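Asks: Listed below, chain by chain, are the residues.
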Amino acid sequence: MLASKGLLERLAGFSIPLDRLEATLMQAGFELENIQNFVPEFQGVVTASIEEIRKHPNADRLSLCRLRSNGRTFDVVCGATNIHEGVVVPLALEGATLQGRTISAAKIRGIASEGMLCSQKELGVSQEHEGIWLLPKGTPVGVPLEEALGLPDVVFDVSIPPNRGDALSHFGLLRELLMILGEPSPRLPVQESLPFVGETPVEIDLAEDCGCTGYVGTLLENLEEIQTPLWLSRLLLRLGKRSVDFWVDLANYVLLEVGQPLHTFDADLLKGAKIHVRSDIGEREFRALDSRAYKIPKGAVWILDEEGPVALAGIIGGADSMVTSSTRRVLLEAARFDPIRIRKTARELRLTTDASFRFERGVEKELAPLATMRFLGLTLEECPGVQLYRPSVAGDFQSPRTTVHIVLPKVEKLLGFPLSNEKAFDMLGRLGEIIEGPESGFDLRVASYRQDIQRPCDVAEEIARFVGYGSFLQTMPKPVYSVAMEATLAELPVVVETKAYLRAYGFCEVVTYPFSSRNMLEALEGFDPFDMGSSLMLENPLQATDPYLRNTLALSLMKVLRTHTGAAKDVVRCFEVARIFGRSKEGKPSERETLGILLKGGLARAVWERAVPLSPLQALKGIAENVLSFLCLSRSVVRPESGLFWEANRGFRIEEAASGSPVAVFGEVSQKALRAFDVKTKGVYFLEVLFPQVQKARTTAYRPFGRFPAVLRDISFVAPEQLAYQELEDAIERCRPELLAAYELFDVYQGGAIPPGFKVYNVRCTYQSMERTLTDEEANGVHFGFIEQLTQKLPIKLRT
Amino acid sequence: MQPEAPERLEELVARALEDLESVKTIEALDSLKTRLLGRKGLLADAFAGMRMLPEDRRGRFGKQLNEAKASMLERFEAKKRQLETGQKANPSSSVLDVSLPGPLPQVGKLHPISQVQDEILAIFMQMGYSVAKGPELEDDYHNFEALNIPKHHPARDMQDTFFVQDTGGFLLRTHTSPVQIRVMERLGVPAQVVAPGRVYRRDLDPTHSPMFHQVEGLMIDKDVSFADLIGTLDFFSKRFFGPDAAVRFRPSYFPFTEPSAEVDVRCIFCKGEGCRVCKNSGYLEVLGCGMVHPAVLEACRVDPDAWQGFAFGLGVERLAMLKLGIDDIRLFYENHPSFLAQF
Ligand SMILES: [Zn+2]
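Quick note, the sequences are listed as chains A and B, same order.
In terms of this note's numbering, the first sequence opens at residue 16 and continues consecutively.
In terms of this note's numbering, the second sequence opens at residue 2 and continues consecutively.
Read the hints as simulated data drawn from the structure, not as lab findings.
Honestly, I wouldn't trust all of these hints.
[As the list claims (entries may be wrong)] List time: in silico DSBU-like cross-link candidates among lysine-lysine, alpha-carbon distance up to 30 Å: (1) LYS636/A x LYS239/B; (2) LYS324/B x LYS584/A; (3) LYS428/A x LYS324/B; (4) LYS134/B x LYS310/A; (5) LYS493/A x LYS425/A; (6) LYS603/A x LYS110/B; (7) LYS152/B x LYS359/A; (8) LYS313/A x LYS428/A; (9) LYS64/B x LYS697/A; (10) LYS603/A x LYS584/A; (11) LYS600/A x LYS324/B; (12) LYS280/B x LYS603/A; (13) LYS584/A x LYS600/A; (14) LYS223/B x LYS380/A; (15) LYS64/B x LYS774/A; (16) LYS695/A x LYS110/B; (17) LYS438/A x LYS223/B; (18) LYS425/A x LYS223/B; (19) LYS493/A x LYS134/B; (20) LYS239/B x LYS493/A; (21) LYS223/B x LYS636/A; (22) LYS64/B x LYS493/A; (23) LYS438/A x LYS425/A; (24) LYS239/B x LYS256/A.
[To be verified] Some but not every residue of chain B turned toward chain A, in silico, with C-beta under 7 Å: (25) ALA156; (26) GLN166; (27) THR208; (28) HIS209; (29) VAL225; (30) ALA262; (31) VAL278; (32) ALA307.
Note that this is a predicted model, so its numbers are computed, not measured.
Even for Gly, the Cβ is constructed at its ideal location relative to N, Cα and C.
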């Protein structure tokens with residue numbers, strides 16, 4: 016909310032230094048931003064009325080003006096044509112300065128001029144430079160112009176928490192300021208009695224459960240065309256409001272001053288002598304006073320005359336009954352509307368007005384009749400001929416007072432701050448009445464405008480604000496050690512370990528949005544490696560083209576690939592650990608955490624430099640196996656994976672052996688998929704590993720190990736090309752002699768001296784006994800026996 | 002002896018060169034030469050091993066061996082000259098220019114958000130917090146209702162929510178605060194956890210992203226107080242921003258905490274003088290916190306008369322931007338290689 020320091024001070028009746036204001040609002044928790052200083056760019060300018068205009072004897076385009084100000088007359092030569100007798104204008108006297116320029120008495124074409132009449136631009140108040148600034152009728156004559164404009168002033172943006180509707184006005188803000196400062200509360204600037212000419216001849220009819228619990232309608236008659244007074248139009252301008260016409264400006268002012276939204280109807284445009292408030296009207300079109308047509312949803316609260324809707328309650332008035340400069344009779348509305356009903360309609364319309372903003376946050380319940388009196392009082396000041404009717408009231412404006420039971424030691428315990436009774440009472444006395452109870456503690460009967468104070472913790476916050484958060488004790492809590500918590504929340508280390516592992520192997524972590532487009536989903540042709548089911552879609556995506564939530568990290572990483580190839584990188588090694596989304600067969604939304612890896616241009620050299628470079632597919636499988644080992648996954652099998660996302664025969668899936676459910680996919684991304692993502696490159700590999708929903712705690716049991724010297728024996732098998740290593744390994748496991756402590760495949764090759772259709776597996780065996788040193792003979796015996804068994808089980812031969 | 006596999010050749014050469022560096026006398030040099038290059042030396046063994054290789058690899062390996070031998074001989078000669086003239090090794094001699102950049106292993110990078118998040122978690126874990134996680138797809142109850150934000154509460158405006166179609170009201174969580182609810186529902190109290198994670202709001206400009214990261218904190222016990230909250234976050238801020246960080250607490254509003262506070266640190270760009278980043282206030286907002294609202298405890302079936310404590314939520318991007326001097330949040334999600342390589 017924009018607030019004017021000048022208006023606050025006028026309401027307070029004393030001045031408040033800016034730094035004090037800032038510090039106090041900060042202590043209250045109302046953040047202050049964008050402080051704007053409005054200082055006059057002129058000095059020595061007064062208001063003066065033009066008494067007489069004559070032609071300049073020596074110049075056609077100049078005139079001689081006689082002005083009156085402060086009981087004196089001034090003769091001034093003027094070149095403007097928009098002036099006429101009787102208007103009030105700004106007069107710069109001899110010695111005045113206008114934006115740094117000093118005005119001196121001068122002879123103009125032989126005639127002495129005692130000053131200068133000014134345009135808005137010359138005064139630095141706007142860019143308007145056409146003609147002299149004609150001040151509104153009623154502007155006091157003979158006062159310094161800055162005083163008439165309400166300058167100097169400071170305007171700042173203050174953010175009011177959404178639960179503090181009571182502070183959304185200058186009066187509310189001042190009340191808060193004075194409370195924190197320990198000063199007595201300010202009084203609402205309301206005349207107690209006004210000269211009414213009769214009862215407002217309008218009946219108010221509140222329908223049952225219509226969203227309005229109190230309505231005040233007041234008729235004003237015998238109005239003339241009034242110009243908004245200078246102080247008001249300038250104040251509204253500083254507060255970011257356009258000056259429209261007197262009635263709208265005045266209603267805006269009362270809103271800004273005391274916080275009650277008001278609406279003014281042209282009473283001559285209302286049909287009948289009855290106002291209805293109803294909410295049982297269906298959806299309908301409505302032309303509002305901003306001259307836009309709205310489709311108003313059903314359930315909205317409406318103000319109607321005898322023929323139909325005239326205002327959308329609490330939000331905006333209708334075009335057909337709005338006040339204009341020719342309005343002679345006004346019906347003023349001040350009402351109490353249900354915050355939730357107003358909010359619902361405003362949200363559906365995506366329309367926030369000053370009124371709806373305040374109603375949503377709760378306007379003080381007792382305010383409407385008081386604000387009406389304020390409006391009438393101000394009208395009387397500006398327009399003495401007005402005839403006021405006594406307000407017609409329906410519903411009630413009583414607000415039940417909340418009582419909070421306070422036990423001081425409990426408040427102290429919550430705040431961790433000792434409080435003396437005396438001090439606490441002093442503070443709480445500012446929030447309402449204190450009623451000492453028979454039992455421990457006391458009751459606080461909270462002031463009606465503090466609807467946010469409901470429970471002891473709310474009172475604790477008030478005390479903390481009075482004390483000032485800055486002067487609080489700082490203590491450290493005793494840690495809570497919960498064994499259950501540690502056991503359940505142990506998932507993180509796996510992610511940390513995985514990330515560290517990939518970083519060591521040269522991969523860069525990326526962070527991507529989960530949003531995806533239909534085109535991207537289609538480009539992947541139903542690629543759904545972990546059976547996430549149909550894709551979830553956002554109701555209100557940020558970009559209409561990206562409404563889907565990814566079901567695989569491939570969707571996001573392919574975009575990263577585009578960024579990297581766009582940056583002319585021929586090597587891309589990146590990964591992300593993030594969530595993927597989908598919908599189970601039962602239709603329930605679900606999410607899983609996965610690791611996605613994108614690889615192009617091979618692994619980092621320093622790590623993988625080898626005589627024979629590793630293929631990216633092998634590398635990815637190795638990474639997958641390692642990550643799966645961090646996840647403590649039980650035995651798994653690799654199967655070919657089809658689908659158009661992969662190059663033919665270059666996609667694979669790792670399944671958990673027992674359940675057959677996929678735990679990882681890897682392979683080479685097909686040219687078709689790359690083209691669909693607009694990536695002009697090839698040799699791109701992708702791996703995605705599914706993290707388990709519940710991470711098993713990793714416990715490793717110690718196994719005794721051999722301390723006697725080991726004997727190494729290498730075997731070189733010639734096997735048919737089709738014989739998968741898995742088969743060899745299965746056979747080794749089946750025939751494994753007890754003394755075989757370890758074995759390792761250290762080379763596989765084809766060609767050269769190896770006949771076509773065959774390949775060679777080189778396996779290094781380590782023989783070791785737990786009890787003694789093995790002799791060569793012993794080791795050889797076991798070794799050759801082992802080889803013989805293997806060659807019987809499999810169609811393989813020992814290479815000689 | 003096992004023939005040396007080709008893979009080990011580099012290692013062999015590297016070791017030999019190290020040994021060569023440490024040799025101090027001509028005698029030692031000669032004995033090393035015999036061990037390496039003699040008729041029964043290691044290189045000879047390697048040559049023998051070569052014959053056992055398949056033909057297609059033999060040629061290449063042989064060439065490598067010969068090159069290695071030639072270069073070693075050259076270095077032995079140089080070392081011998083050096084020992085004979087009694088000169089100490091000159092670091093920039095032709096033998097080994099150590100001023101050349103070392104062969105860096107190409108390690109990767111963790112994303113700056115991860116790094117900052119890990120740093121935040123480490124500070125809290127040191128204070129005894131456990132780490133919890135929660136779903137990113139949340140229901141209205143956990144994201145709003147249980148946090149004392151009923152339907153049609155103006156506080157819902159503070160967070161523009163992404164809703165998921167046809168799921169009966171599921172949404173992308175707008176904050177990590179629902180993890181508070183899930184932790185208390187699952188594990189009860191006392192509780193002391195931090196919950197890192199991604200959150201989503203419908204917003205995009207230089208300081209707002211539709212997805213960003215938060216770390217939520219929750220501590221509930223018999224008598225955890227507001228003063229404890231202030232002490233805890235003051236400690237955190239000083240650990241994170243440095244011991245000289247000036248920290249300021251001021252009242253704020255969150256529906257799920259009461260009293261609520263906002264924590265500012267003195268602007269690290271202008272040192273409190275006032276600048277564009279801090280909008281001339283001299284301070285930067287870094288996190289929101291407060292005492293858990295009794296309505297939230299009640300929603301988790303925790304008796305607010307018996308238990309009390311605090312919660313806080315900090316924006317990881319915000320802290321990362323301040324710490325790393327990043328002025329546009331969108332850089333984090335663009336994943337440009339030249340950006341990622343910096344951290
Ligand atoms: Zn700054």
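Asks: Take the hints in turn and mark each one as holding or not.
Replies: Consistency of the hints with the structure:
Between the alpha carbons of LYS636/A and LYS239/B the distance comes to roughly 44 Å, so the proposed pair goes past 30 Å and is violated. Taken as a hint, the LYS324/B and LYS584/A pair is honoured in the structure, with Cα atoms around 28 Å apart against an allowance of 30 Å. Among the hinted pairs, LYS428/A with LYS324/B is inconsistent with the structure: their alpha-carbon atoms are about 36 Å apart, more than 30 Å. In summary, the hint linking LYS134/B to LYS310/A is not supported, as the alpha carbons are separated by about 43 Å, beyond the 30 Å threshold.
A distance of roughly 19 Å separates the Cα atoms of LYS493/A and LYS425/A; the hinted pair therefore holds under the 30 Å criterion. Distance restraint check for LYS603/A and LYS110/B: the Cα-Cα separation of roughly 37 Å exceeds the 30 Å cut-off, and the hinted pair is therefore not satisfied. A threshold of 30 Å between alpha carbons decides the hint, and for LYS152/B with LYS359/A the separation of about 10 Å falls inside it, so the pair holds. Only pairs whose Cα atoms come within 30 Å are accepted, and LYS313/A paired with LYS428/A is rejected, the gap being roughly 49 Å.
Taking the CA atoms of LYS64/B and LYS697/A, the gap is about 33 Å. The hint is violated against a cut of 30 Å. Between the alpha carbons of LYS603/A and LYS584/A the distance comes to roughly 41 Å, so the proposed pair goes past 30 Å and is violated. Proximity of LYS600/A to LYS324/B is assessed by CA-CA distance (about 45 Å); at most 30 Å being required, the pair is judged violated. The suggested pairing of LYS280/B with LYS603/A is violated, with an alpha-carbon distance near 45 Å, which exceeds 30 Å.
Between LYS584/A and LYS600/A the CA atoms are separated by roughly 41 Å; this puts the pair beyond 30 Å, and the hint is violated. Pair hint LYS223/B plus LYS380/A does not hold up; C-alpha atoms about 38 Å apart against a cutoff of 30 Å. Using a Cα cut-off of 30 Å, the hinted pair LYS64/B and LYS774/A holds, with the two alpha carbons roughly 25 Å apart. For the hint pairing LYS695/A with LYS110/B, the CA-to-CA distance comes to about 25 Å; that is within 30 Å, so the pair holds.
Under the criterion of a C-alpha separation no larger than 30 Å, the hint pairing LYS438/A with LYS223/B is consistent with the structure, at around 26 Å. Of the supplied pair hints, the one linking LYS425/A and LYS223/B holds, its CA atoms being roughly 12 Å apart against a limit of 30 Å. Distance restraint check for LYS493/A and LYS134/B: the Cα-Cα separation of roughly 23 Å lies within the 30 Å cut-off, and the hinted pair is therefore satisfied. Note on LYS239/B and LYS493/A: the hinted pairing holds, with a Cα-Cα distance of about 19 Å set against a maximum of 30 Å.
A threshold of 30 Å between alpha carbons decides the hint, and for LYS223/B with LYS636/A the separation of about 51 Å lies outside it, so the pair is violated. Simply put, LYS64/B and LYS493/A have alpha-carbon atoms about 69 Å apart, too far for the 30 Å limit, and the pair is violated. Distance hint between LYS438/A and LYS425/A is fulfilled; the C-alpha atoms sit about 16 Å from each other, no more than 30 Å. The straight-line distance between the Cα atoms of LYS239/B and LYS256/A is roughly 44 Å, outside the 30 Å bound, and the hint therefore fails.
At about 5 Å, the closest approach between the beta carbon of ALA156/B and any beta carbon in chain A falls short of 7 Å, and the interface hint on this residue holds. Annotation: GLN166/B was flagged as interfacial toward chain A, and the flag holds, the nearest CB pair being 5 Å apart, inside 7 Å. This hint is violated: THR208/B has a C-beta 14 Å from the nearest C-beta of chain A, more than the 7 Å allowed. At a threshold of 7 Å, the smallest CB-CB gap from HIS209/B to chain A is about 11 Å, leaving the interface hint violated.
Interface restraint check for VAL225/B: the shortest CB-CB distance to chain A comes to about 5 Å, inside 7 Å, so the restraint holds. Annotation: ALA262/B was flagged as interfacial toward chain A, and the flag holds, the nearest CB pair being 6 Å apart, inside 7 Å. Hint status for VAL278/B relative to chain A: violated, with the closest Cβ pair at about 14 Å, above 7 Å. Annotation: ALA307/B was flagged as interfacial toward chain A, and the flag is violated, the nearest CB pair being 11 Å apart, outside 7 Å.
Hints 1, 3, 4, 6, 8, 9, 10, 11, 12, 13, 14, 21, 22, 24, 27, 28, 31 and 32 from the earlier list are contradicted by this structure; the remaining hints agree with it.
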